[in-house]
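Student: Read top to bottom, the protein sequences are chains R and D.
The first sequence begins at 0 in numbering that gives the first Met the number 0 and counts up by one.
The second sequence begins at 0 in numbering that gives the first Met the number 0 and counts up by one.
There could be a bad hint or two in this list.
As the list claims (entries may be wrong) - List of simulated lysine-lysine pairs, DSBU-like, C-alpha gap at most 35 Å:
| hint | chain 1 | residue 1 | chain 2 | residue 2 |
| --- | --- | --- | --- | --- |
| 1 | D | Lys16 | R | Lys78 |
| 2 | D | Lys105 | D | Lys40 |
| 3 | D | Lys74 | D | Lys105 |
| 4 | R | Lys83 | D | Lys74 |
| 5 | R | Lys83 | D | Lys16 |
| 6 | R | Lys164 | R | Lys13 |
| 7 | R | Lys77 | D | Lys74 |
| 8 | D | Lys7 | R | Lys13 |
| 9 | D | Lys7 | R | Lys78 |
| 10 | D | Lys42 | R | Lys77 |
| 11 | R | Lys77 | D | Lys105 |
| 12 | D | Lys40 | R | Lys13 |
| 13 | R | Lys243 | R | Lys77 |
| 14 | R | Lys13 | D | Lys32 |
| 15 | R | Lys83 | D | Lys42 |
| 16 | D | Lys89 | R | Lys83 |
| 17 | R | Lys13 | D | Lys105 |
| 18 | R | Lys83 | D | Lys70 |
| 19 | D | Lys70 | D | Lys105 |
| 20 | D | Lys42 | R | Lys78 |
| 21 | R | Lys78 | D | Lys74 |
| 22 | D | Lys7 | R | Lys312 |
| 23 | R | Lys344 | R | Lys307 |
| 24 | D | Lys40 | D | Lys74 |
| 25 | R | Lys13 | R | Lys78 |
| 26 | R | Lys77 | D | Lys31 |
| 27 | D | Lys32 | D | Lys42 |
| 28 | D | Lys7 | R | Lys77 |
| 29 | D | Lys89 | R | Lys78 |
| 30 | D | Lys32 | R | Lys83 |
| 31 | D | Lys89 | R | Lys77 |
| 32 | R | Lys77 | R | Lys164 |
| 33 | R | Lys13 | D | Lys16 |
Unchecked claim - Here are some chain D residues pointing at chain R (derived, C-beta under 7 Å):
| hint | residue |
| --- | --- |
| 34 | Tyr49 |
| 35 | Ala57 |
| 36 | Lys74 |
As the list claims (entries may be wrong) - One-sided excerpt, in silico: chain R residues whose CB lies under 10 Å from chain D:
| hint | residue |
| --- | --- |
| 37 | Ile5 |
| 38 | Met27 |
| 39 | Ile34 |
| 40 | Glu40 |
I should point out that these hints are in silico values taken from the structure, not numbers from a laboratory.
The beta-carbon is built from N, C-alpha and C at its ideal position, and this holds for glycine as well.
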Amino acid sequence: MIAAVIDDNYERIKADLVRLGLTYERLMDDLLDHICCMVEENMEEGDDFESSYNMVLDSIGENRLPEIQHQTLLNLDKKFQRMKNFTYIFGLSAAILTIIGSLFKRMHWPGAGIMIVVGLALVVLVFLPLYFITSYREQTERKNPVYPIVGYLTLALLLAGASFKVMHWPGAGMMLNISIGFLLIGFVPLYVVNVFQKSGKERVYLPYIVMLLVGIACVVLISVVNMSKDRLDVYIDGALANEKQVELVEEQTAGLLQLAEDSAHLDQLATITRIHNQVRDMQVMVTGMQEGMIAFVGQSGVTIEEIKGKDNKQAGREAMLEHGEGSAFIMEAKKFAAMLNELVKDPAVRAQITDHLEFTSPVWDYAYNGVANSPLVVNYYMNTDAAKGIALAEYTAIAYLLHP
Amino acid sequence: MIANDLLKGTLRTIILKLLADNGRMYGYEITKKVEELSTGKIKLTFGALYPVLHKLEADGHIATEIEYIGKRVRKYYALTETGRSWTAQKVDEFFDFVNTLTYVLKPTPA
Chain R
0 MIAAVIDDNY
10 ERIKADLVRL
20 GLTYERLMDD
30 LLDHICCMVE
40 ENMEEGDDFE
50 SSYNMVLDSI
60 GENRLPEIQH
70 QTLLNLDKKF
80 QRMKNFTYIF
90 GLSAAILTII
100 GSLFKRMHWP
110 GAGIMIVVGL
120 ALVVLVFLPL
130 YFITSYREQT
140 ERKNPVYPIV
150 GYLTLALLLA
160 GASFKVMHWP
170 GAGMMLNISI
180 GFLLIGFVPL
190 YVVNVFQKSG
200 KERVYLPYIV
210 MLLVGIACVV
220 LISVVNMSKD
230 RLDVYIDGAL
240 ANEKQVELVE
250 EQTAGLLQLA
260 EDSAHLDQLA
270 TITRIHNQVR
280 DMQVMVTGMQ
290 EGMIAFVGQS
300 GVTIEEIKGK
310 DNKQAGREAM
320 LEHGEGSAFI
330 MEAKKFAAML
340 NELVKDPAVR
350 AQITDHLEFT
360 SPVWDYAYNG
370 VANSPLVVNY
380 YMNTDAAKGI
390 ALAEYTAIAY
400 LLHP
Chain D
0 MIANDLLKGT
10 LRTIILKLLA
20 DNGRMYGYEI
30 TKKVEELSTG
40 KIKLTFGALY
50 PVLHKLEADG
60 HIATEIEYIG
70 KRVRKYYALT
80 ETGRSWTAQK
90 VDEFFDFVNT
100 LTYVLKPTPA
């Protein structure tokens, strides 16, 4: 009797399921039978077909069927499942590589930088995109691509910034700042909205947000925090030692210049004077930048030893890059290196000079870009180092020209 | 009622074990049986059931037989040979897990 009534309404139930969004034939058979059974059970308790059926339909809810179908198809999608497994295994290996790299870095073993950069690059370029794509595809309700995209950009920039920072590459600070911006004005508000929309249904993962924020705060702190006093003092000692050495070398050079003028080395005098003038120009630039830095922290006339604000990070940027002659100085120094290279024929002496002027080599251009984010004393020290190199190169070159 | 997140990982084992004990079953029958055995504490919705059944079938652990009840197609699910040994293994794993949890969660005597 009941079975007959249901049979009569079979096509209608099927049509309703299609209307509710069920299209996968194999699941249709299952759900049709299941729903018929539920209706039957209600009818056995005395309800008529209409009220039983409506009750069952109500209990199913609007979006439930497409959701079940989506889940079933994803479960069956071998490629998708493989992609998911691959994602996790890949993420794990990349993370392990990064951690080993960090360990190497701590122990100052070679190869640390490469491992960290490759590990983080794999995380940023392979794992994170795959992770966000798979988890997005698994979602059934409130699919909103903005959420994974913002999440990806935040994490990617954060990790890239961290690896740039580790490698002392330029742009690290900028990346970290942008990612923190993303985090604060994009990711966190979106996440909170998402949590509140879902509240009641899913657990609120507020602790994770808090943890995330604390993590970010640590990163910011580490990048902003002053260099430890001991290390700053080491730079000052280095700078003073350099300055002392420059003085000594200049005295000796002055002796050589005197010799050149007094003796029969007149043929070399023009060249030697050219070298000396070039050196003087560069020394003026260096002194200018150093005074600029000290002036920036508002203490002109004070020596580097007594200075306050040794860790000021804007000083170098201002005095060397933005309003200073940092780039011009490097250009001049490169010209100077080329000039000496041409004048000095002896390869051994030439190697010595190249060594003194190491700061003009391409590798050092990176260091010069680092000026923007280095504390005042570090930049000051770098300048004294350059000045020392120039003085030594000058002495070596002039000595060579006088006694080839 | 048993919370859904506790149930999530064990659903597959429950279904396999039921099929092992009862031979072939259809979907609705499985949900009823789970409710009965758990004295109403576990309510298996079809939304949770069918994705798992289809996955188990695709992996070759269970197979289907079709019967017609009037116009309706009724799909019976039963374990395959590989499914049978896999089930035994999964059930063992589960008891292992429960025993371990009991040790961990049991209040220690003072």
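Student: Mind listing which of the numbered hints don't hold for this structure, in increasing order?
Tutor: 3, 6, 11, 13, 17, 18, 19, 22, 23 and 32
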